[in-house]
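Peer 1: From first to last, the protein sequence lines are chains A and B. Taking our numbering, the leading residue of the first sequence gets 7, the next gets one more, and so forth. Taking our numbering, the leading residue of the second sequence gets 502, the next gets one more, and so forth.
Source of the hints: derived by calculation from the structure; they are not laboratory data. The reader is advised that the hints may include incorrect statements.
[As the list claims (entries may be wrong)] Label pairs and their calculated CB-CB ranges: (1) 247(A) with 649(B): 54 to 60 angstroms; (2) 670(B) with 204(A): 21 to 27 angstroms; (3) 662(B) with 189(A): 55 to 61 angstroms; (4) 662(B) with 208(A): 40 to 46 angstroms; (5) 674(B) with 415(A): 48 to 54 angstroms; (6) 233(A) with 545(B): 31 to 37 angstroms; (7) 50(A) with 596(B): 43 to 49 angstroms; (8) 396(A) with 675(B): 48 to 54 angstroms; (9) 670(B) with 119(A): 42 to 48 angstroms.
[Said to hold, decoys possible] Per the computed footprint, the stretches of chain B lying under chain A, defined by three or more beta-carbons under 8 angstroms from a beta-carbon of chain A, are: (10) 507-513; (11) 624-637; (12) 642-654; (13) 770-782.
Where is the CB? At the ideal position from N, CA and C, for every residue including glycine.
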Amino acid sequence: MARALLTGNSAAAWAARLAEVDYVPAFPITPQTEIVETLARWIHTGEIQARMVTMDSEHSMLAAAGAAAATGARVFTATSSQGLVYGFEMLYVLAGLRAPLVLVNVSRALSHPITLEPDHNDVLAARDTGFLQFHAESCQEVLDSILMAYRLAEHERVLLPAIVNLDGFYLSFTREAVEIPEPADVKSFLPGFEPAYPHLSGPAPLALGAAVLDPALYTFFKYQMHHATENALALYPEIAAEFAGRFGRRYGMIEEFMLDDADYVIVMTNSFASMGKAEVKRLRREGKKIGLARLRLIRPFPHREIQRVLRGRKGAAVIDQNISVGKGGILFSEIASALYGLPDRPPALLSFIGGLGGRRFRPEEFDGILARLEAPPESPEEIARPYLLFSDEECRDVGRYFSVASGEEKSHEA
Amino acid sequence: MKREAYRSLRNISREEPLGPGGSLCAGCGGLLALRLFHKALGENVIFVNAAGCFSLLALFPFTPLRSSWLYTAMACAPAGAQGIRDALDILRERGKLAPAADRKVVVVTGDGAAQDIGLQSTMAAIHRGLDFYYFCYDNEAYANTGFQTSASTPYGSRTATAPITPAFPLGVVQQRRDLFEIWRVQKPPYVATVSAADPLDLSEKVYRASKLSGPKLFIALSPCPPGWEAEPEKSVELARLAVETGIWPLKEAVYGQVSHTKVPRRFKPVEEYLASQGRFRHLFEPKRNDEAIARIQAAVEKYWKAVSDAVAPQEPLSNEAVG
């Protein structure tokens, strides 16, 4: 076992290396590119045996990835943001093909306006496709989640592709100490890929992706995929326990931070949860009984774990780093649906939007969230609406930008 | 072209890797060409399909094919072919696939995918030198969706998106885009036009291509009874007329070098081809459009004059005559 300072991107590349992937179709996009560049370097130095092909788009990249997995190769690929949505059609195709590959998404907010820093509208747009989704907070977790994702995706009772998500910039380009496991240990956790299903290099001819014209058949195949995610949910604890036994790091579907006696719970995902944890610690020091639940497994959605973690609390606030325009926070809706009907669900369940385009949280925002949980709004309108986090200072800054854009103010005065 | 492997119809295999009973239209010219193509190519084939008429060749739980099949999406069949070819090569290198069990990878799409939505992924596959066949059944429109205009639709043709009205008496006013030349400019090992009405020319071309590694394109003019508005039993006749009038030149390009594999001794007037199809009926009824017919005839003559004048066969030849 070696310890090294790795960026989130190089941790992802290391995971692909340790998984001994056969095939890497690639297309560049910031902030993902370092992953495929790293793999390309290792291929060119002969350190790994994988084959890489540079494609003309993410749509083609995903087509090649799915076709290779359907032919019997272990496939890894990576994208981000616009790339993910450019290839969006193929996400459904790959899941429907039951191609168990791993796709790393380095989150970056979607245009327009085009920008670089992260939020999760890209990866959460893929939530209905049939991909499993792991969301990582640290560089170590990126590496570990990719290995676990292959185990789960390739399981004969699952056979679905998986996305492992990490935040652009905050994780992709941030170096952290990462334990790189021994290849032999990884090999015993994740043996070579021997597809347990008929594939295109098998002895018998095979038609894959055949059309169906009977709605009952279509429904059957979609239900099969849903049942496969239920199997994934049932298999997850076993695989996580084996991972913990072998590598010493335990990953639940949800990470529970200072939750033991917490009356109030903040729900977050990905790297910005680190900022949330720091604020929870501060509020704890101030005597507040608050904790944080970080969703790691987004698909399949861990309803039962959500219920276990949140039931009996006085209040929960879901901070969505995404916005479903016209509705609000995506994960808020999903969590609310998991809790509805539970007699001891938190009486206050509030929705906050923050972190869009990489916007950082302010400490006082967590004070505000807790205050609202302690004295929740009573009007139906207030209960259902999302709170859009934004500060007076930011309002003033935006005003300045507009003055400059309209020519009323010179930029050097801004 | 001096034929080496296919001197008579007896040389064509009696095996039927593409059996009867598929769900395509009666008289589909593209299917006739694919059947001949597959016979010449032999077994151990994986077809990679893009959305189009031929997507109905695998309609669960039936397929008339004895080969493997992967339906991808409309834009990316060549990218799917890349993934399959690479995976097969990787498995062979790893000793997981015996050389005898290797497969030929064949993209099969219509002209809409080949010319429009799939052109980018096709160009990329040619650029990478992917070892694959591309079989394009060119019915000169988006036929599967009800015959809308594509980049292959010829001048003067009526389509569902170019209906004939007093203000628009011609139908489609653009010249068709030349897919043969688009491929040829990258100098891949093999590019050919074929016709289901000429099985020996078609089969010999498959034989010639099979000796070359890299991207290999076959464009089959594919009479489409519902779209062209012709009786199903006329498909072979129409395919033949297209060649005999000079509208569909039979040719190949080996690493960019063009040769015409069949030059009619005497060209029939294009009118014979046009008048037998409902999609061109407005050029003849209620009033004959002499100007449009003459324009089509002139384009054909200009094309073939350039062929006979060509001193250097690598000179690019405009294919605007087609249609």
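Peer 1: None of the hints should be skipped; say for each whether it holds.
Peer 2: Going down the list of hints, with the structure as the test:
no., hint, verdict
1, 247(A) with 649(B): 54 to 60 angstroms, "holds, 56 angstroms"
2, 670(B) with 204(A): 21 to 27 angstroms, "violated, 55 angstroms"
3, 662(B) with 189(A): 55 to 61 angstroms, "holds, 58 angstroms"
4, 662(B) with 208(A): 40 to 46 angstroms, "holds, 43 angstroms"
5, 674(B) with 415(A): 48 to 54 angstroms, "holds, 52 angstroms"
6, 233(A) with 545(B): 31 to 37 angstroms, "holds, 35 angstroms"
7, 50(A) with 596(B): 43 to 49 angstroms, "violated, 23 angstroms"
8, 396(A) with 675(B): 48 to 54 angstroms, "holds, 51 angstroms"
9, 670(B) with 119(A): 42 to 48 angstroms, "holds, 47 angstroms"
10, 507-513, "violated (count 0)"
11, 624-637, "holds (count 3)"
12, 642-654, "violated (count 0)"
13, 770-782, "violated (count 0)"
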